[in-house]
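Sequences are here, hints too, so could you generate the full structure?
Order-wise, the sequence lines are chains U and S. Going by this note's numbering, the first sequence opens with residue 1, and the numbers climb by one from there. Going by this note's numbering, the second sequence opens with residue 173, and the numbers climb by one from there.
Some hints could be false.
Stated by the list, open to error - Here are the simulated DMTMM-like pairs of lysine to aspartate or glutamate, each with C-alpha atoms no more than 20 Å apart in a straight line:
1) Lys134/U <-> Asp184/S
2) Lys289/S <-> Asp274/S
3) Lys134/U <-> Glu266/S
4) Lys134/U <-> Asp282/S
Said to hold, decoys possible - These stretches of chain S come out as covered by chain U in the derived footprint (C-beta under 8 Å, 3 or more residues):
5) 220-232
6) 323-337
Derived from the structure by calculation, the hints contain no laboratory data. Using N, Cα and C, we set each Cβ at its ideal position, and we do this for glycine too.
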Amino acid sequence: MSAMIEQAFNMGQHGGVGGQRPASTVDDGGNIDLDGMRSDIENSGLAPHVSDGSEQAERWNMAWNIFGMVASQISIKFGIAGPFIAGFTTVVKVGLVASMAGLALSGVAIATDNTLLGFVFLGVSAIGLIIGAKDLFAYDTGSKVTGLLATASGLIGIGCSVQAIDFNKMQG
Amino acid sequence: MRDECSYENPPDKFSLLATAVVVAICVMFSLITTMAHWKRSASAIIMIGSFTILYIGLYRELVIRPKVVRVGEEGIHLEYRTWKPLFVPWNGIEWVDSVPVDKSTLKGKDTVEGRMKIRVKYWPMQLTYEAAHAIQTRYAERVGNYPPISPSLARRRAYETTLSAKR
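Written out as structure tokens, the structure reads:
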């Protein structure tokens, strides 16, 4: 029986990427190797431990990139069209567009793994964040949500930009 | 001599709800990035920023927004939830905005209906339309002219005038 279970695991029916599975899940005495199973599940990509360079990890990262691209499209369109339609003041237009664009394009910086782009969009997001945060108190737009959106998207843009910047590479 | 008029100035529910939704989205984004093994600094920036936005939202609606506005003959009395009451004479008012809105529409709920900036505070405070309009009217009666409107509202009205002239 134990031999059959072991054979099933080794045939890859329990997930796992070829070559990364532990050699045995059930030892000769019929005891289940829990550490081996845990490692097996982690390597399968089912758990969110995806920084191991496996095929599942690549797919996971690709999903993040697609998410970034879709968010980019929506954010850019909303960020540019929204303020002009509503007729906000120039400063708020700059803030909201900067914030949304910073958020959207920092996704591109992550996808392309480009530190320089990360820095540029970190600055763009920061400008949007500052203007948006001021609007949170001053209501310069006469709108209650605009400042919130600019601040939140600027904030996430900064987070994404920090993710895109490889500080270790910069230190040599 | 007219009596002192009192106006309740409750926190804006739409503003509080919008703040809660935006903060929830940011916190969820931060948690997802943590699960996806992003850099801790990136996730932490988003998480800390989210709670800062929440703090600002609550501070704006509950602390700097007066609970009750009393419009008197010599000025206005402001009662806060956490601060000491404040008397503002007519010459202490920098500007007042009042915009009538239809609260049944989303645009109306999102529009700031009343704002006032006084000289002793850095940030303007949010008011109900009734309170802001009453302040403007009494100011005009006592001072002889309406109080100035905010620079941002003046720019916006100029922009709208330009748009309507083009049409």
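Hints versus structure:
Our distance criterion of 20 Å between C-alpha atoms is met by Lys134/U and Asp184/S, whose separation comes to about 19 Å. For a cut-off of 20 Å, the pair hint linking Lys289/S to Asp274/S is broken: about 24 Å separates their Cα positions. A hinted pair counts as satisfied when its Cα atoms are at most 20 Å apart, and Lys134/U with Glu266/S qualifies at roughly 18 Å. A C-alpha spacing of about 17 Å is found between Lys134/U and Asp282/S, which places the hinted pair at or below 20 Å, so the restraint holds.
Check on the segment 220-232 of chain S: 6 of its residues sit with their Cβ under 8 Å from a Cβ of chain U, so the three-residue criterion for coverage holds. Counting residues of the segment 323-337 of chain S whose beta-carbon sits less than 8 Å from any beta-carbon of chain U gives 7, enough to reach three: the coverage restraint holds.
Taken one by one, the earlier hints fail for this structure only at number 2.
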